[in-house]
Every structure is written in structure tokens, then in C-alpha cells.
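Engineer: Input sequences plus hints: build the corresponding full structure.
Each chain, written out:
Protein chains: 2
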Amino acid sequence: MQKQILLKKRPKETPTHNDFEVVETSIGTPSDGEILVKTIYISVDPYLRGRMNDTKSYIPPFKLNEVISSGVIGQVIESKSNRFDKNDIVLGSLGWQEYNIIKEDSVRKINTNIAPESTYLSVLGMTGLTAYFGLLDIGKPKEGETVVVSGAAGAVGSIVGQIAKIKGCRVVGIAGSEDKVNLLLNDFGFDAAINYNTQDVGVALEEACPDGIDVYFENVGGTISDAIFPLLNNFARIPVCGAISAYNTAEDIGPRVQTHLIKTSSLMQGFTVGNYSSRFEEGIQELATWLKDGRLKYEETITVGFDKTIDAFLDLFKGANIGKSLVKVAEIEK
Amino acid sequence: MQKQILLKKRPKETPTHNDFEVVETSIGTPSDGEILVKTIYISVDPYLRGRMNDTKSYIPPFKLNEVISSGVIGQVIESKSNRFDKNDIVLGSLGWQEYNIIKEDSVRKINTNIAPESTYLSVLGMTGLTAYFGLLDIGKPKEGETVVVSGAAGAVGSIVGQIAKIKGCRVVGIAGSEDKVNLLLNDFGFDAAINYNTQDVGVALEEACPDGIDVYFENVGGTISDAIFPLLNNFARIPVCGAISAYNTAEDIGPRVQTHLIKTSSLMQGFTVGNYSSRFEEGIQELATWLKDGRLKYEETITVGFDKTIDAFLDLFKGANIGKSLVKVAEIEK
Numbered sequence: 001m002q003k004q005i006l007l008k009k010r011p012k013e014t015p016t017h018n019d020f021e022v023v024e025t026s027i028g029t030p031s032d033g034e035i036l037v038k039t040i041y042i043s044v045d046p047y048l049r050g051r052m053n054d055t056k057s058y059i060p061p062f063k064l065n066e067v068i069s070s071g072v073i074g075q076v077i078e079s080k081s082n083r084f085d086k087n088d089i090v091l092g093s094l095g096w097q098e099y100n101i102i103k104e105d106s107v108r109k110i111n112t113n114i115a116p117e118s119t120y121l122s123v124l125g126m127t128g129l130t131a132y133f134g135l136l137d138i139g140k141p142k143e144g145e146t147v148v149v150s151g152a153a154g155a156v157g158s159i160v161g162q163i164a165k166i167k168g169c170r171v172v173g174i175a176g177s178e179d180k181v182n183l184l185l186n187d188f189g190f191d192a193a194i195n196y197n198t199q200d201v202g203v204a205l206e207e208a209c210p211d212g213i214d215v216y217f218e219n220v221g222g223t224i225s226d227a228i229f230p231l232l233n234n235f236a237r238i239p240v241c242g243a244i245s246a247y248n249t250a251e252d253i254g255p256r257v258q259t260h261l262i263k264t265s266s267l268m269q270g271f272t273v274g275n276y277s278s279r280f281e282e283g284i285q286e287l288a289t290w291l292k293d294g295r296l297k298y299e300e301t302i303t304v305g306f307d308k309t310i311d312a313f314l315d316l317f318k319g320a321n322i323g324k325s326l327v328k329v330a331e332i333e334k
Numbered sequence: 001m002q003k004q005i006l007l008k009k010r011p012k013e014t015p016t017h018n019d020f021e022v023v024e025t026s027i028g029t030p031s032d033g034e035i036l037v038k039t040i041y042i043s044v045d046p047y048l049r050g051r052m053n054d055t056k057s058y059i060p061p062f063k064l065n066e067v068i069s070s071g072v073i074g075q076v077i078e079s080k081s082n083r084f085d086k087n088d089i090v091l092g093s094l095g096w097q098e099y100n101i102i103k104e105d106s107v108r109k110i111n112t113n114i115a116p117e118s119t120y121l122s123v124l125g126m127t128g129l130t131a132y133f134g135l136l137d138i139g140k141p142k143e144g145e146t147v148v149v150s151g152a153a154g155a156v157g158s159i160v161g162q163i164a165k166i167k168g169c170r171v172v173g174i175a176g177s178e179d180k181v182n183l184l185l186n187d188f189g190f191d192a193a194i195n196y197n198t199q200d201v202g203v204a205l206e207e208a209c210p211d212g213i214d215v216y217f218e219n220v221g222g223t224i225s226d227a228i229f230p231l232l233n234n235f236a237r238i239p240v241c242g243a244i245s246a247y248n249t250a251e252d253i254g255p256r257v258q259t260h261l262i263k264t265s266s267l268m269q270g271f272t273v274g275n276y277s278s279r280f281e282e283g284i285q286e287l288a289t290w291l292k293d294g295r296l297k298y299e300e301t302i303t304v305g306f307d308k309t310i311d312a313f314l315d316l317f318k319g320a321n322i323g324k325s326l327v328k329v330a331e332i333e334k
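The listed protein sequences derive, respectively, from chains A and B. Numbering-wise (the working numbering), the first sequence opens with residue 1 and increments by one. Numbering-wise (the working numbering), the second sequence opens with residue 1 and increments by one.
Hints were generated in silico from the structure; no laboratory data involved. Hints should not be assumed to be uniformly reliable.
Treat identical chains as interchangeable: a pair holds within one or across any two.
[Unchecked claim] Straight-line Cα separation of at most 25 angstroms, DMTMM-like style, residue types lysine to aspartate or glutamate; simulated pairs:
(1) 140 <-> 206
(2) 63 <-> 34
(3) 140 <-> 24
(4) 165 <-> 78
(5) 8 <-> 143
(6) 263 <-> 54
(7) 263 <-> 137
(8) 56 <-> 206
(9) 263 <-> 66
(10) 263 <-> 226
(11) 56 <-> 207
(12) 263 <-> 252
(13) 12 <-> 66
(14) 3 <-> 315
(15) 167 <-> 315
(16) 328 <-> 315
(17) 109 <-> 178
(18) 263 <-> 315
(19) 56 <-> 252
(20) 167 <-> 143
Structural biologist: Below, the structure is given as C-alpha cells:
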């Protein structure tokens, strides 16, 4: 038997344990062309909150009483596929359960010689690619420009800021604690960092961005984001990656942005990393090179134990994590 | 002596006559390299409202107690320039006064054989070019897509809708009266039109856009614009040209747009026509061809008499005009 996590109710606002159900179910055995994968790491991500609502989006909503899924690193325990051997380490979008039986084409092998397996869910995974394509393809940062990123100590934000530094920009991060601010300044090399819990973001931004804002990488929405618009330079670019402040509220009301966009000829572009799937290899290559060269660092907040998966997910909305949030479910068997 | 119109006070919200002062001043005589131009048409435009505030924008604010300026068609009365002859018809950004003495490089001659002189302030002028570049360069409408335009019976909106029809789109206009709705449907060839004063815009849009919205050309902002976002298709484009509902209010509050942009990977891009100045000739050529071929129609609301200039400007915020608003100050002398 194994445990799995189902969506029991659609969360009204901030999700709670009551919205989920942990059940026991049999592990089963793979048929031809299938593999049995033991879960090693589960990726918990803010965007999953959107899939818990029953609304149209770029990805279908989770169904009630079905298992939740996200990025998972697993180890092949039993293979009925020619493509995989026992003990292979694989990556895919799999269920929140201790074991998954899946078709051979639903995962791919990863090369753990390049980097530790967890990085395929963080800096070399969707998180890193989200930062890479959002910043470079939409934000188009130019040397000497000012780039502001919110959720700056988070999975995506911390990578965004470092790539912007690699591109020669002045980088300002917004985060929610002194620890995070120190991390941004001391470990990730940001030029300035703002603690939105203790500082007036508008005032602090004006001080941190004496030449205005050329790129704002949007992870949070809400009042933090509102403070950005009056400081936009002409032809500013805003990759809109996330709006975590809005995910748990029905009423997301604030100053409209139209007049700011007109006055500065600025651009806001929503995106999801899937838009760039044809270019993933390019992104992974460059991220891996920066990682190898020590130009890119990453942090992971790792919660240990399958039973802590829901906690790790709920923590995302408390700003508890630094870098990528992962749940470590099991050790790899050598 | 002649009359001129000064900005006396910065309007608090909706401008009134009290914000302006009409004074008498001498006409003067041109020096070498200057011309004396008699005002024939004055263009009154919503964007001028923004210039009456003392805030940073793409164009400097008007100064208090100085003459207001905008697009003007005039006739050369006296020339001390080799470039201009008496009676030439010229176009430039000139003062709201009956006569302007200007340097020879501040205006250009227009060819009234192609189209009536007033069109250089409307369909062949900044208005037409705004519609042309905003729709085609940012909106990128593709055949069969649904294009929605607000302020649809106005100077820019009426041209936007017709260009979208030329490009093979389904075109839905939003306007503020039955007369305007009828004009859109019967004269400008829109596929559907919504009267925001009598209809629930959200409900009407859902009905008029069964395949969702691919391009929204934003002229008005506010609650009309709010109703667009839930209907955006994936990869929708929103050229943000104007937000007339916001120009006269300090509090422009509404639903934030970030989550909509993320869910649909949509783009909002503010712009002003000046961004495209290097391509004006291209735009004028194509607009003139469509005009000649009868594929593009235009409407003008012409107010007669210099003394009515302020009224014509104030009327813009009452939705009184259809098509381009112009003040006819004098007849051309043959």
C-alpha cells in the first residue's frame, strides 16, 4: 500500500489541510510499456493553486477526488519498457503519491552527472526555464538597465535576479524578510533589496531605482506591483509570471495600469514556461553552463517526508520558502 | 488683434471653462525664416487632458498661463521663408490662437489634392496613424480573429475597426449611444456593436464574441475594459492607446489584470503614435490608398468658430463627438 493526496474541495481562498485528503491505495504492477516509479522529490509550486480552481486557464483544473500532480523526480523500481532500466532517475509530471505507474513516454531520464537530481525541479527545471525565458525573451534586459524582481528570494525570482546581473543590469529585489534580503545582497549579488514587510515599497523603490525601472519581473501582483508602475521608464517591459498575492483572493482590486502603460509605452506580457517548450534545450544548456561556471547559485527549501507535502505547499503562501520548494519523499537507492 | 486660449488652472477632474482663459493679443509680423499662419482647423484630442496635469509623461505638460497647442491646419498669410508661399496649406502643432507666427521648420505643406485638408488631422493624420500602427504593429490581427475596440465611434476607434475588417477579422465595437451603434453597424461595417450605456458590457461581449477576444484595442479603460479580460483568448494582444475614463479622475481602481494576462499569455502594450514616426509615410500611403478605394470611411464632428474651441474639447469627455473632433476657425482663402 502507498499514500496519495487527493483534492477534496476547491479552496475558497487560502488553501488549508481540509481541502486535501490523504488516502491509502495499492501500488499495483506495471503492464507492458509501463514503469513503476518511486517518488524521490515532489515539486510544490504556487501555480498549482490556480489548478485547484474550476476556471479556464492555460492548463486544465485538477478534478475533485483525484490525485494532485506536479513535477516529480523519481526512480524506476520496475520496468516493463525497453526505454528504462531499474534504478534510472526520471523526471515528469506525476501524481502526489509514493509510487506512480506510468506509460514510458510520460517521463524522461535525467543526467545526474551534470548536477544533483533536485536541480531538474529547480534551476535546471521549469523554475529556471521560467526565469530564463521570461526575463530574456520578454524582459529583454540591456546592460546598465534597472531590473526589479518581486518574490526575489523565491524559486523563479532568485534566478531572474542572477541572470539580470549576468546581463550587466542593476538588480533590485523585493522580498518578505531580513533573511531573504541578506541572501539577495550577499549570496545572489543583487544591488539592492527591499523588505516589503518592514519598508514602504514605493519609497524604497524610488531610492533603490534612481534611474527608474526598465524591467519589472512580476511574481506577486497586489500592492507591491502597484508601487512599480509610477516608476516605469519609457518602453519598460513587465514579464508577468505570477501573482501569488491574488491566488487566494476573489477580490483583486487596485489601481488600473492603462494610463501608466500609455505614458511610458510600456509592455506587460503574461506567459507560462510551456510557451517556450521548443527552446527548452537552449535554456537548459545556458543555465547549466552558468551553474558550472559558478555564475548562478540556487537555494532549495527541502521538506522531508511525503506526509509533509501539503504543509510544504501551504507554506508557499506564507512566504516561508527560500528558493525552490521541494518535498523529499525518499532516498535514491544505489 | 487676435484671440488665444491659455491654460489658466490645472483641471482637478473633468475640465471646465474655468480652467481656461481667452485673451486678446497682437498678431505680430514674421521675421526672416518665419511665416504667419492663419488657423483653419484645430484638432481637439483626449490626450491633451493629460498634458494639463503637471506629471511626467511622454510629452511635457502645458505650462500655466501659456497658450495650449495641438494639431492645426493653417494657411500661410505672410511668408518670410523660401520654403513657403502665401496661401500654402500647412500642418503642425500650433497654438490655440487665430494666427501663429512660427519658424519655417515647425510645419509641413499638405497636398489637398489627395484628400480634403481636414483629413490631415483625422484619417490621414495622427488619428489614422494611431489606429494603423497600434492595431497592426501591436494588435497583429489575423484573418478570422475577433477584434474588439472601445471608443469605437471615435476618431481612432472608427479607423481601427475598419482596418480590422480589411484584415478579415470579426469586429465588435463598444460605444455610448444608439446613433453610434447604428453608425458602426451600417456605415463602418462592424459585425456587432454594444451600447455601454444601455447594455451590460460583459454579457453583451460574451454574446458578440462567441470565440473569445483575440485583440482588444483599448481607448477607454475603466469598467468597460474590465469586462474584456475574462474573455481573452490565449495569446491575446491589447494595444493600449487611451483610457479616457481615467483622465479626469484621481482614483482609477479596478480588478488587477495580472492573473488574466498569465492565464492567457496575453500582452498589453502602451504606445503613442510618435513611437512610429519613422514609419509615418508607410502608414499614410496605405491609409490614403484604402481611402481612395472606398474601403475606409471617416466621420468628423466639426465645431465652427474659434470661440467654440473649449466647448469642443470639453465635449470629448461627454462622448458627444462621432469620429474626429475638429474646430473650424476660418475658411481657406482661395
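Engineer: Each of the hints needs a verdict: does it hold here or not?
Structural biologist: Going through the hints against the structure:
With identical chains, the CA atoms of residue 140 and residue 206 are at most 25 angstroms apart within one copy only, with a shortest distance of 22 angstroms there and 35 angstroms across copies. Taking the shortest Cα distances, residue 63 and residue 34 sit within 25 angstroms of each other inside one copy (24 angstroms), while across copies they are farther apart (74 angstroms). In the homo-oligomer, the alpha carbons of residue 140 and residue 24 never lie at most 25 angstroms apart, since the shortest distance is 48 angstroms inside one protomer and 52 angstroms across protomers. Proximity of residue 165 to residue 78 under the C-alpha cut-off of 25 angstroms is found in neither arrangement, the shortest distances being 44 angstroms within a copy and 59 angstroms between copies.
In the homo-oligomer, the alpha carbons of residue 8 and residue 143 never lie at most 25 angstroms apart, since the shortest distance is 49 angstroms inside one protomer and 44 angstroms across protomers. For the identical chains of this complex, residue 263 and residue 54 are inter-copy neighbours only, at 13 angstroms across copies versus 37 angstroms inside a copy, given an alpha-carbon limit of 25 angstroms. For a Cα distance limit of 25 angstroms, the shortest separation of residue 263 from residue 137 qualifies both inside one copy, at 23 angstroms, and across copies, at 18 angstroms. For the identical chains of this complex, residue 56 and residue 206 are inter-copy neighbours only, at 15 angstroms across copies versus 37 angstroms inside a copy, given an alpha-carbon limit of 25 angstroms.
Proximity of residue 263 and residue 66 under a CA criterion of 25 angstroms is satisfied inter-copy only: 22 angstroms between copies versus 48 angstroms inside one chain copy. Taking CA atoms no more than 25 angstroms apart as the test, residue 263 paired with residue 226 passes in both settings, with 16 angstroms inside one copy and 20 angstroms between copies. In this assembly of identical chains, the alpha carbons of residue 56 and residue 207 lie at most 25 angstroms apart only when taken from different copies (18 angstroms versus 40 angstroms within one copy). Taking the shortest alpha-carbon separations for residue 263 and residue 252, both the intra-copy value of 24 angstroms and the inter-copy value of 15 angstroms come in at or below 25 angstroms.
In this assembly of identical chains, the alpha carbons of residue 12 and residue 66 lie at most 25 angstroms apart only when taken from the same copy (18 angstroms versus 56 angstroms across copies). Proximity of residue 3 and residue 315 under a CA criterion of 25 angstroms is satisfied intra-copy only: 21 angstroms inside one chain copy versus 68 angstroms between copies. Taking the closest pair of Cα atoms, residue 167 and residue 315 never come within 25 angstroms of each other, the shortest separation being 32 angstroms inside a single copy and 49 angstroms across copies. Proximity of residue 328 to residue 315 under the C-alpha cut-off of 25 angstroms is restricted to the intra-copy arrangement: shortest distance 15 angstroms within a copy versus 65 angstroms between copies.
For the identical chains of this complex, residue 109 and residue 178 are neighbours neither inside a copy (39 angstroms) nor across copies (63 angstroms), given an alpha-carbon limit of 25 angstroms. Taking the shortest alpha-carbon separations for residue 263 and residue 315, only the inter-copy value of 23 angstroms comes in at or below 25 angstroms, while the best intra-copy value is 38 angstroms. In this assembly of identical chains, the alpha carbons of residue 56 and residue 252 lie at most 25 angstroms apart only when taken from the same copy (18 angstroms versus 27 angstroms across copies). For the homomeric pair residue 167 and residue 143, the shortest alpha-carbon distance inside one copy (6 angstroms) is at most 25 angstroms, but the shortest distance between copies (39 angstroms) is not.
Checked against the numbered hints given earlier, this structure breaks hints 3, 4, 5, 15 and 17; the rest are met.
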